[in-house]
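Since the structure of chain W is provided, determine the placement of chain Y on it from the hints.
Residue numbers (our numbering), protein chains in the order written: chain W, 1 to 178; chain Y, 1 to 652.
Check before you lean on any hint, since a few could be wrong.
[As the list claims (entries may be wrong)] Derived DMTMM-like pairs: lysine to aspartate or glutamate, alpha-carbon spacing no greater than 25 Å straight-line: (1) Y:K556 with Y:E571; (2) W:K140 with Y:E95; (3) Y:K241 with W:E124; (4) W:K140 with Y:E90; (5) Y:K214 with Y:E235; (6) Y:K624 with Y:E608; (7) W:K153 with Y:D108; (8) Y:K630 with Y:E267; (9) Y:K612 with Y:E545; (10) W:K4 with W:D26; (11) Y:K556 with Y:D598; (12) Y:K389 with Y:E219; (13) W:K103 with Y:E95; (14) W:K153 with Y:E219; (15) Y:K113 with W:E173; (16) Y:K553 with Y:E608; (17) Y:K214 with W:D178; (18) Y:K113 with W:E161; (19) W:K140 with Y:E79; (20) Y:K209 with W:D178; (21) Y:K612 with Y:E271; (22) W:K140 with Y:E290; (23) W:K131 with Y:E271; (24) W:K153 with Y:E110; (25) W:K153 with Y:E217; (26) Y:K389 with Y:E160; (27) Y:K428 with Y:E482; (28) W:K131 with Y:E90; (29) Y:K113 with W:D26; (30) Y:K11 with Y:E23; (31) Y:K241 with Y:E610; (32) W:K153 with Y:E104; (33) W:K153 with Y:D218; (34) Y:K612 with Y:E372; (35) Y:K113 with W:D142; (36) Y:K175 with W:D100.
In case anyone wonders, no lab produced these hints; they're calculated from the structure.
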Amino acid sequence: MLAKVKVASAWLDACGGCHMSFLDLDEALIDLANAIELTATPITDIKQFSPVDVGIIEGAVGNEHDEQVVKDLRANCKILMAWGDCACFGGIASMRNLFDTEKVLHRYYSTESTAKDSKVPSSEELPPLTKVRPINEVVKVDCYVPGCPPSPKAIHYALAELLQGRIPVVPSEIMRFD
Amino acid sequence: MNEITLTINGKQVKGKAGDTVLEICQANGIDMPTLCHLEGLSDVGACRMCVVEIEKERRPVPACTYPARDGLVVQTNTERLERYRRQILELIFTEHNHFCMFCEASGDCELQKLAYRYQMDNVRYPYTLPSLAVDSLSDYLVIDHNRCILCGRCIRACGELAASHTLDFSHRGWKTVVTADLEQPLGESSCLLCGACVQACPTGAIFGKLNLYKGREDECQQIHTVCPVCGVGCELNVLVKDNNLVKIEALSLAEPRGPLCRMGRFELLRETRPRVTSPMVRGKQGELKECSLDRAVEVIAGRLAKAKDGFAGMVSTRVPSETLSLFHRLIRKVIGSDSIDTLDGEGYRIIAEGVRQFQGNGRGLGIECPIEDILQADCIIVVGADPGKTNPIVCTLVRRAMLQKQAKLIVIDPSRDVFPLWTDLWLKPRAGSEGDLLIGLAKILIDKGLVEPVSAELIKSFSQYRMGEVVRTTGIEERGLELVAEMYRRAKHGVIIYGEGLLQTNDASAVTAILNLANMTGNQVGDRLRVISLKPRANSRGAWELGLAEGIKKDKPKGLYLLLADEPESEELLARLRGIGFLVVQASYHSPVTAMADVVLPSPIWAEREGKYVTMDGRVLELKQVLQPKDGLPQDQEVLKAISQKLGRKLT
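One chain only, chain W, in its complex shape (with noise of 0.2 Å):
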């Protein structure tokens, strides 16, 4: 049997909807598990990645973790893929690019909030927000699957050409941007 191929996926300033349209592969699943080899998702709580051969980003960089991230799977990879509008084109994320960060987060912790008293949190701990940018702002990505979610086709289709040893670019029918 031939060695797995090593995979890990992040995931960034999103709503997780990639991850979910990568679980609707269903069955196709069965046939990847046997090809590839998760070493870290989203819900793997590692900190810090080992050397894969494909890196898989969802969303865009919004903090300096984010960033930190990036770099550090960027490093740790040999193919980085971007997932989604959020990480190929700044997508739903960069929206807040329209408006300064304090007022963002002012809006977030105190107009809207049903919590009493709540206010916009400090801590050092807090990585700070930084202008929302896609992927390749930051680092060199080798390959994109767009959507919001992008369809579990395509995120089929882009795995299946990285395991044939290609790099992968959505063809026109599959391609979608909502």
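Frame of chain W, contents of chain Y only:
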């Protein structure tokens, strides 16, 4: 035609001199991506998607603005051009908010389709993403400047097709935005709400409020039909999903009637009147009670058997010809009454009498020219008409003639200038004296010998009028009348438009004077005169020509069958109906009219019925059924047939 031959992608293709390279590509089936190009609009080369390589040109040029020449060697799909096109898309995407997941246009967006085509899975440039305004205060339209790609299609549609010139660019460079008037909110601007810009917009930057969240184009059935509102007869493409109206568009935006108007594009979608969902008859306590169709028909037949000749029929001219013809036969043949009219019949009788006095024969409305004739005009007289209210496309055509043919516009109206800011000369005769004014104009042309040859008969017929009398009655100086007469006479292509206001003066000689004016100045095409009477409803002309506008003999007939369909009621109609002994109303919606009725019958709305309409200039168009009737309600014809059958006559 000067034929030219080009080489495109190594193949010889033909075109004609004056074509652009894009036109030749499209005519020869050569695929070419475009974004700022739209059929019917001028080309500006704004988006650069259609760049091509042309031998001896130093750099790629946009095909849409490049004039083709004999012998050009063109490449449309080299690797370099495809790379440029994707790059252009990336730059467009970074300029504003083009994230599709929360855009109403997603799925129907030309920008998105091109991005898919060029497999644009990432963008290599930083986003500028300025925070721009969303103007949603207009009644029917929203402009989201964040979705705008500055292609200018809306601006050109507004200027060139709708001839409104409300929209234009303001500011420069990065700060360029589409603006209404001098940076007015759209709802407070000169916008006429025709919605041509909505149909022209390739993205989600301008959209119709009433179309929101109802469905995407590919989920809809598209039906080619005709607008049921006024007599112009614009051809529509109606989008329907799950038996709901999603959107109304022009079948072809580029056609003279293509811009549509607020009534056809939007107001039809805003219907809120409650539907008549069952036949009803008045009970013992005087209240209307729902009942079966059989029962309602029984009540009607019972009353009709007693009161034959005192009975009258009245019908809306929004009803298609087939149903009108059946209604006609029901009233004339089955009920045996010669009292029949349309709701707008009064105006017709004046037009018909005016035409008869002019020619003494029965050519009737066939003497008028098609409304497209306005586009060629260099002088337009609008008398006693407010096309902006009744037939907005006529306004559009008038403005187009003014912009494109430098036509002069003369408005004759006692109360207001119906083309504010556009009118060259507004004559304000005393109310009711419009006919005298027109006679005065004709008389000036004859008396001063400005037109010839004029028949002795005509000279004689005008000799009964005195200019002094005309001046006194109209309150307009002779010099003013002379000025207008002179402007109209000098025109190579003069069109006279008249309507409701003039007909309300009840003066058939005004109509005759108009026809005489057009005739003596040679304003005719073939056997038609360049005269247009505005017909208020979609099938006014059809109904009039079928003989339904004969008139009701008595002011208050013993009984009246009113087929109102979905026409809105008016104060005037309510006044006419008061005091009628027995009133049957067949209507789509509950209203004060149905509240007065003794029997109420259901009627389908425009979208649920089908049949032929005759436009105001005589074209026969097909109204198609686009929705299934609500709750399986019967068609008008079924109801009419049921009544007839009850009376012992079978109508087919």
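Going down the list of hints, with the structure as the test:
At roughly 16 Å between alpha-carbon atoms, Y:K556 and Y:E571 fall within 25 Å of each other, so this suggested pair holds. For the proposed pair W:K140 and Y:E95, the alpha carbon gap of about 22 Å is at most 25 Å, so the pair holds. A C-alpha spacing of about 54 Å is found between Y:K241 and W:E124, which places the hinted pair above 25 Å, so the restraint is violated. For the suggested pair W:K140 and Y:E90, the alpha carbons sit about 17 Å apart, so the restraint of at most 25 Å is met.
For the hint linking Y:K214 to Y:E235, the alpha-carbon distance of about 22 Å falls within 25 Å, and the restraint holds. The straight-line distance between the Cα atoms of Y:K624 and Y:E608 is roughly 8 Å, inside the 25 Å bound, and the hint therefore holds. Annotation: proposed proximity of W:K153 to Y:D108 holds, straight-line Cα distance about 22 Å (limit 25 Å). In summary, the hint linking Y:K630 to Y:E267 is supported, as the alpha carbons are separated by about 19 Å, within the 25 Å threshold.
Annotation: proposed proximity of Y:K612 to Y:E545 holds, straight-line Cα distance about 13 Å (limit 25 Å). Restraint check for W:K4 and W:D26: the C-alpha separation of about 20 Å stays at or below 25 Å, so the hint holds. Using a Cα cut-off of 25 Å, the hinted pair Y:K556 and Y:D598 holds, with the two alpha carbons roughly 16 Å apart. Annotation: proposed proximity of Y:K389 to Y:E219 is violated, straight-line Cα distance about 34 Å (limit 25 Å).
A C-alpha spacing of about 23 Å is found between W:K103 and Y:E95, which places the hinted pair at or below 25 Å, so the restraint holds. The hinted pair formed by W:K153 and Y:E219 meets the criterion: a straight-line CA distance of about 21 Å does not exceed 25 Å. For the hint linking Y:K113 to W:E173, the alpha-carbon distance of about 10 Å falls within 25 Å, and the restraint holds. With a CA separation close to 33 Å, the supplied pair Y:K553 and Y:E608 exceeds the 25 Å bound.
Only pairs whose Cα atoms come within 25 Å are accepted, and Y:K214 paired with W:D178 is accepted, the gap being roughly 17 Å. Of the pairs offered as hints, the one joining Y:K113 and W:E161 holds, with about 24 Å between alpha carbons and a cut-off of 25 Å not exceeded. A threshold of 25 Å between alpha carbons decides the hint, and for W:K140 with Y:E79 the separation of about 24 Å falls inside it, so the pair holds. Pair hint Y:K209 plus W:D178 holds up; C-alpha atoms about 21 Å apart against a cutoff of 25 Å.
Distance hint between Y:K612 and Y:E271 is fulfilled; the C-alpha atoms sit about 23 Å from each other, no more than 25 Å. Taking the CA atoms of W:K140 and Y:E290, the gap is about 73 Å. The hint is violated against a cut of 25 Å. For the hint linking W:K131 to Y:E271, the alpha-carbon distance of about 46 Å lies beyond 25 Å, and the restraint is violated. Between W:K153 and Y:E110, the direct Cα distance comes to roughly 23 Å. Compliance with the 25 Å bound is thereby established for this hinted pair.
Note on W:K153 and Y:E217: the hinted pairing holds, with a Cα-Cα distance of about 23 Å set against a maximum of 25 Å. Restraint check for Y:K389 and Y:E160: satisfied, since their Cα atoms lie roughly 21 Å apart, inside the 25 Å limit. Distance restraint check for Y:K428 and Y:E482: the Cα-Cα separation of roughly 15 Å lies within the 25 Å cut-off, and the hinted pair is therefore satisfied. In summary, the hint linking W:K131 to Y:E90 is supported, as the alpha carbons are separated by about 20 Å, within the 25 Å threshold.
The suggested pairing of Y:K113 with W:D26 is violated, with an alpha-carbon distance near 29 Å, which exceeds 25 Å. This hinted pair checks out: Y:K11 and Y:E23 have alpha carbons roughly 16 Å apart, not beyond 25 Å. Restraint check for Y:K241 and Y:E610: satisfied, since their Cα atoms lie roughly 19 Å apart, inside the 25 Å limit. A distance of roughly 24 Å separates the Cα atoms of W:K153 and Y:E104; the hinted pair therefore holds under the 25 Å criterion.
With a CA separation close to 20 Å, the supplied pair W:K153 and Y:D218 stays within the 25 Å bound. Distance hint between Y:K612 and Y:E372 is fulfilled; the C-alpha atoms sit about 21 Å from each other, no more than 25 Å. The suggested pairing of Y:K113 with W:D142 holds, with an alpha-carbon distance near 23 Å, which does not exceed 25 Å. Of the pairs offered as hints, the one joining Y:K175 and W:D100 holds, with about 20 Å between alpha carbons and a cut-off of 25 Å not exceeded.
The structure fails to meet hints 3, 12, 16, 22, 23 and 29 from the earlier list, while all remaining hints are met.
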